[in-house]
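A.B. asks: Use the sequences and the hints to build the structure in full.
Chains as they are written, first to last, in full-length UniProt numbering: chain A, 1 to 204; chain B, 1 to 169.
Mixed in with the good hints there might be a few duds.
To spell it out: a stretch of chain A is covered by chain B in this simulated footprint if at least three of its residues, at any positions, have a beta carbon under 8 Å from a beta carbon of chain B; those stretches are [to be verified]:
#1 121-129
#2 188-201
List of simulated lysine-lysine pairs, BS3-like, C-alpha gap at most 27 Å [stated by the list, open to error]:
#3 Lys-32(A) / Lys-49(B)
#4 Lys-45(B) / Lys-32(A)
#5 Lys-37(A) / Lys-180(A)
#6 Lys-69(A) / Lys-32(A)
#7 Lys-37(A) / Lys-72(B)
In case anyone wonders, no lab produced these hints; they're calculated from the structure.
Source: prediction; values computed, not measured.
Glycine residues also receive a C-beta, built at the ideal position from the N, C-alpha and C atoms.
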Amino acid sequence: MFVLVEMVDTVRIPPWQFERKLNDSIAEELNKKLANKVVYNVGLCICLFDITKLEDAYVFPGDGASHTKVHFRYVVFHPFLDEILIGSIKGCSPEGVHVSLGFFDDILIPPESLQQPAKFDEAEQVWVWEYETEEGAHDLYMDTGEEIRFRVVDESFVDTSPTGPSSADATSSSEELPKKEAPYTLVGSISEPGLGLLSWWTSS
Amino acid sequence: MTALMVLDTSNTASLSSWEARGRRKDASAALLSNYEVFQLLTDMKEQRKESGKNKHSSGQQNLNTITYETLKYISKTPCRHQSPEIVREFLTAVKSHKLTKAEKLQLLNHRPVTAVEIQLMVEESEERLTEEQIEALLHTVTSILPAGPEAEQKQNTSDDVTMDEEDPA
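C.D. replies: Next comes the structure, spelled out in structure tokens:
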């Protein structure tokens, strides 16, 4: 689920923090910059693991702060393909089942990847697995808050950095703001034996 | 104690790089188990608590949020009771099964108790492992890795029963 990523960055320490130990200031600045943020094509950054190398710190003319090039390792949330994860159902919509891990929310299980046959109950807005046995069909509901085991089948990174003012496209400011896209989304699947709500597979 | 974040990596390095030694500047330099992340975040929280309340500036809010949520998530899993010795013992015990790094990591993070779960985590398990091997693997997992808190309670009550039986005159 978590990986260690080696990164390099230049950290700026303002003069009023010079009395502190350099390592502490740098650690704080790196965490301020990266924690709980998604880095494009890398993953969701959690926290600093360690600092591997500190290069010389420079002070540039006009700016009293010191700039230090830092090589460090960061703990990043980036599940590998086909990894099994356990999360809780955040809700259901016609697009599929939305799952959350607490610290990461943008996981979707599309209708094709649910245990088949599945149908969407419009009244309760919940997906249902119509489990067939000899006695007849059992309806297994995927309720909000339930723990669910799923496999990661796809991930997508979207570059959400702001674009410059659009020159040709004069969309008036009275229109709605463009839809906020999640920078990092995972697509899951529960179409195998053992996957789905934990309560479906516990032998009591 | 020097810096906040420059950890003593002798323990954690041996876990996270047990197969990735010497491979630097990788896109994912090393896989981390949930236990290692749990340990890291708990230690970091302790150090920040000790260093005083003045660190609660707005800049640290993101770090606080992600630390809290991640710790909450991992605390609900059986990983929170693991230790470096348990992990080392587990890795030596499963060496004979010839599992990939990713499969061993999943077993460590999830502690499967049924054969169905093993089949999910181990690729092509029907071809690579016989039924006895799957049983043996399940036994290794459940005996070496500690269970979550609710399962431990159940175990305690059953242990009491067996202890009474084993008490000869």
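A.B. asks: All hints, please: hold or fail.
C.D. replies: Verification of the hints:
{"no.": "1", "hint": "121-129", "in the structure": "violated (count 0)"}
{"no.": "2", "hint": "188-201", "in the structure": "holds (count 5)"}
{"no.": "3", "hint": "Lys-32(A) / Lys-49(B)", "in the structure": "17 Å, holds"}
{"no.": "4", "hint": "Lys-45(B) / Lys-32(A)", "in the structure": "15 Å, holds"}
{"no.": "5", "hint": "Lys-37(A) / Lys-180(A)", "in the structure": "15 Å, holds"}
{"no.": "6", "hint": "Lys-69(A) / Lys-32(A)", "in the structure": "16 Å, holds"}
{"no.": "7", "hint": "Lys-37(A) / Lys-72(B)", "in the structure": "18 Å, holds"}
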